[in-house]
Amino acid sequence: MSKELIRLEGISKAYDGEVVLDNINLYINDSEFLTLLGPSGCGKTTTLQIIGGFVKPTAGSVLFDGVRINDVPPHKRQVNTVFQRYALFPHLDVYDNIAFGLRVSKVSEDEIARRVAEMLEVVGMRGFEERKVDNLSGGQQQRIAIARALVNRPKVLLLDEPLGALDLRLRKDMQVELKRIQQQLGITFVFVTHDQEEALTMSDTIVVMDKGVIQQIGRPEDIYNEPKNAFVADFIGESNILDGIMRADRAVEFFGRRFACVDEGFAKDEPVDVVIRPEDVDIVPADTGHLCGTVTGVTFKGVHYDIIVDFHGFKWLIQTTDYHPEGAYIGIRLNPEDIHIMKKSRYSGMFGDYSSYSAEYDEIGDAALAEELEEQEEEG
Amino acid sequence: MKRQFLSGPYILWMVLFTIIPLAIVVYYAFTDSITGAFTLKNLAAMGTYLPIFLRSIWLAVVSALICLVLGYPVAWCIAQAGPRAQRFLYMLVMLPMCISFLLRTLAWVSLLEDTGIINNLLGRLGIGPLRLVRNDGAVILGMVYNYLPYMIMPLYTVIMKIDHRLVEAAQDLGCGGSQVFLRVTLPLSVPGIISGVTMVFVPAVSTFYISQKLGGTTSTMIGDVIESQFKTAYNPNLGAALSLVLMILVLACIAVMNRFTGDDESVATI
Amino acid sequence: MKTASKVFTVAVFIFLYVPMLVLGIASFNSVSDVVVFRGFTFDNYKALFQDSVLLPLLLNSIIISVIASLAATVLGTAATLGIQRMGKRLRRVTMFMTNIPLTNPEIVTGVSLALLFAFVGQALKINSIMGFWTLLIAHITFNLPYVILSVQPKLTQMDPNLTSAALDLGCTPVQAFFKVVLHEIFPGIVSGALMAFTMSLDDFVISYFVYGPNFVTLPVEIYNYTKKPLHPKIYALFTLLFLVILLMMVVMNVLQARDTARHRNPRLRKSGGPIN
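Residue numbers (this note's numbering), protein chains in the order written: chain A, 288 to 667; chain B, 75 to 344; chain C, 30 to 305.
By construction, these hints were calculated from the structure, which means they are not laboratory data. Possibly wrong hints are sitting among the right ones.
Claimed, not checked - Below, simulated EDC-like cross-link-like pairs (lysine to aspartate or glutamate); rule was C-alpha separation at most 20 Å, straight line: (1) Lys-117/C with Asp-303/A; (2) Lys-466/A with Asp-491/A; (3) Lys-419/A with Glu-213/C; (4) Lys-630/A with Asp-491/A; (5) Lys-419/A with Asp-72/C; (6) Lys-466/A with Asp-530/A; (7) Lys-235/B with Glu-213/C; (8) Lys-183/C with Asp-421/A.
What the hints assert, rightly or not - Facing chain B, a subset of chain C residues (Cβ under 10 Å, in silico): (9) Ala-107; (10) Thr-109; (11) Thr-127; (12) Val-140; (13) Lys-183; (14) Met-187; (15) Pro-242; (16) Val-245; (17) Leu-247.
Please read these numbers as outputs of a predicted model, since none were measured by experiment. All residues carry an ideal CB built from backbone N, CA and C; glycine is no exception.
Put together the whole structure using the sequences plus the hints.
What follows is the structure, encoded as structure tokens:
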């Protein structure tokens, strides 16, 4: 059983009356890869900064190894950070950048030489000692930033969306690489990202946040298969979220039809949110289906087709490798394990159907909303 | 939080040596020069100086406009050059400003005066000596000469910053050279124009040396009067009153100008 | 349109530099006349260096300029750091105050300082208060805004994470400033200091109102001089100053060029970049 290294108790943060974090409670274990995941503005970076000591919480305690460290300044914490745009010192070369923290701690130059060489080996950048930082590519800079942080042998490494500026393929490689480094060194990583795929790939534990509140904490598989509310369901992967009623344990009703499912513990006839992942839906001929509907859109995605189907006015997304033409009348079958039930929350009904993929799309042509936002900006 | 205290000494300094002196100017303006009592006499005397104020404003406005006409093409031209050339040309524009403006003005005297260089040359061509100095025209010339860089600099800064893609977009939509200028460059350069005009107008309206050297007896400007109150007539109260009015005048102009730029920041650009 | 403006620009530049030319040529004139050129000579320059009046004045100007620009640089840089951390309202007020010496006519600044010193002099029963210290105070005061407006852009341009990175790696805030921030804002500090120095060296109007008889600067003395005919020594001095300032500007130019080249590197902006 890993020991608990960091604990956040009742952490809240407000700027000028605007609440950014609301009663955050979580603990991070030794050698764990924990990801703070959420959309922009959800408070994940602020949480990271509180752990690092760059931001002071307005309420709550930060505990490190059981000791309250709220008043410990960043330069005294056993924590190092990899910043979003790397923040390498432009006036120093690679060697001096990595050696920076060691020099501040007055480590001997021999020891520094040894450790810098060791770290360059770990990140695969041997031979770059004398290079100027400005001349390095994004991926190279990123590794130097990691080396600069890790060479100080921190107990915890904080990473603030470090892969955001890299392009797609390199990002995927770096995800694997970071995970490898973390496991090799056994250091606790606290990783911030808004990319849910990235979080699923790398993490031991994911903390999903929205608007300063933790929505769910769990392993990647649990978060994916058993989201706690509509926000998590919508944020991670694609989901069809429907209104349903629990008729009994393991029996839910939606679209006027009963389905067997595997969840229990709800009240009789309790309104619930039903989540069905697009890839879990089997398309069958109309007469053998649980539900029937018309295909309104087909997009070829390479790996599969995105098929939009209209059931009683509500559009579903189905992902399948079989082609079904627009206008086709099809049926679907659902397995009990693929129907996931969640309690209603403040997020219920917010995410609509698959008439569009994003909320922003619907808002583009909304003139009244644009006016409202402009007024808000002038005041603020 | 601690870092805010770094600006403490500076703020103290500015209050002591900028704010308080201005308050003292106000104090002197409202004080009688002999008795030291509160009086509006000094301000009432402004009436007699009205013609001088008006002349100063007029000369400054004319100078500013001439600077605009001369400076805009230069600023535009520099902004079209390559980056190294731009830096070099900008330096050439700034260089005269760093050199004693007394001597530069004196150089113009020696160029313009009746026995000066220009008249000398004209004399050889048989053209009789022209009255080039000791009139309003010479003063304007002196002011234009001295303050032209103050017009070119902000203009250049603004024109240079105009996103070239806007020009390309205009061209894409059918605009030829002069159209692009009139419809895109000129409107976008308005903040620079306002900045430049202000930066010429302010020193021009308050100058005293240029008018002394190049102007005639009828070219007295408000700066001359203020200077004489402090150095020869020794009536600091009247001088303070004149300075106060001058300052208010300048602030009013800047406030009007700022309205047009719609900016939070001050008009001064370096 | 481009060629027309180029011709026009050249004409304007000629206009700007004509007096320099006139004075430069006059400095080599064997006769003390600007209008007629008699013969080429270095005599004026020799006389300049032997002059017992002008050179000490030049030294005075340099002393004041150096001290004032250094003081303004330190004070102004500290101020800029503090201003960056200010709340919106306080910053607005401070910047407004900073802009006052810039937008106020020089004569008003000079007069206001003169009155301040006169007032203080009266209160402390000191008779002739104007002197070195009043001059220095005045110079520092009008130099400060230039320093601040020079350093500020460099500070806002700097990646704020650099300071956080330095703290993260174990620096105290003071160490972080000297090891990281200072390097980043250094070009701004240098150009601010140089600008302050140049402004001080050439200042006439403000100095004219606050100087004392025992410490006179060159521009003020030239003003007093010009009530009699000028000796060509002055033209020699002027030409030399021109060349020195030209040199300084070229140096500043080169420094700036190197700085922008670094920031404009196509692979990178500051730190981190999408191009790989």
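Hint by hint, here is what the structure shows:
{"no.": "1", "hint": "Lys-117/C with Asp-303/A", "result": "holds (12 Å)"}
{"no.": "2", "hint": "Lys-466/A with Asp-491/A", "result": "holds (10 Å)"}
{"no.": "3", "hint": "Lys-419/A with Glu-213/C", "result": "holds (15 Å)"}
{"no.": "4", "hint": "Lys-630/A with Asp-491/A", "result": "violated (25 Å)"}
{"no.": "5", "hint": "Lys-419/A with Asp-72/C", "result": "violated (53 Å)"}
{"no.": "6", "hint": "Lys-466/A with Asp-530/A", "result": "violated (38 Å)"}
{"no.": "7", "hint": "Lys-235/B with Glu-213/C", "result": "violated (23 Å)"}
{"no.": "8", "hint": "Lys-183/C with Asp-421/A", "result": "holds (18 Å)"}
{"no.": "9", "hint": "Ala-107", "result": "holds (4 Å)"}
{"no.": "10", "hint": "Thr-109", "result": "holds (8 Å)"}
{"no.": "11", "hint": "Thr-127", "result": "holds (7 Å)"}
{"no.": "12", "hint": "Val-140", "result": "holds (5 Å)"}
{"no.": "13", "hint": "Lys-183", "result": "violated (13 Å)"}
{"no.": "14", "hint": "Met-187", "result": "violated (14 Å)"}
{"no.": "15", "hint": "Pro-242", "result": "violated (13 Å)"}
{"no.": "16", "hint": "Val-245", "result": "violated (14 Å)"}
{"no.": "17", "hint": "Leu-247", "result": "holds (8 Å)"}
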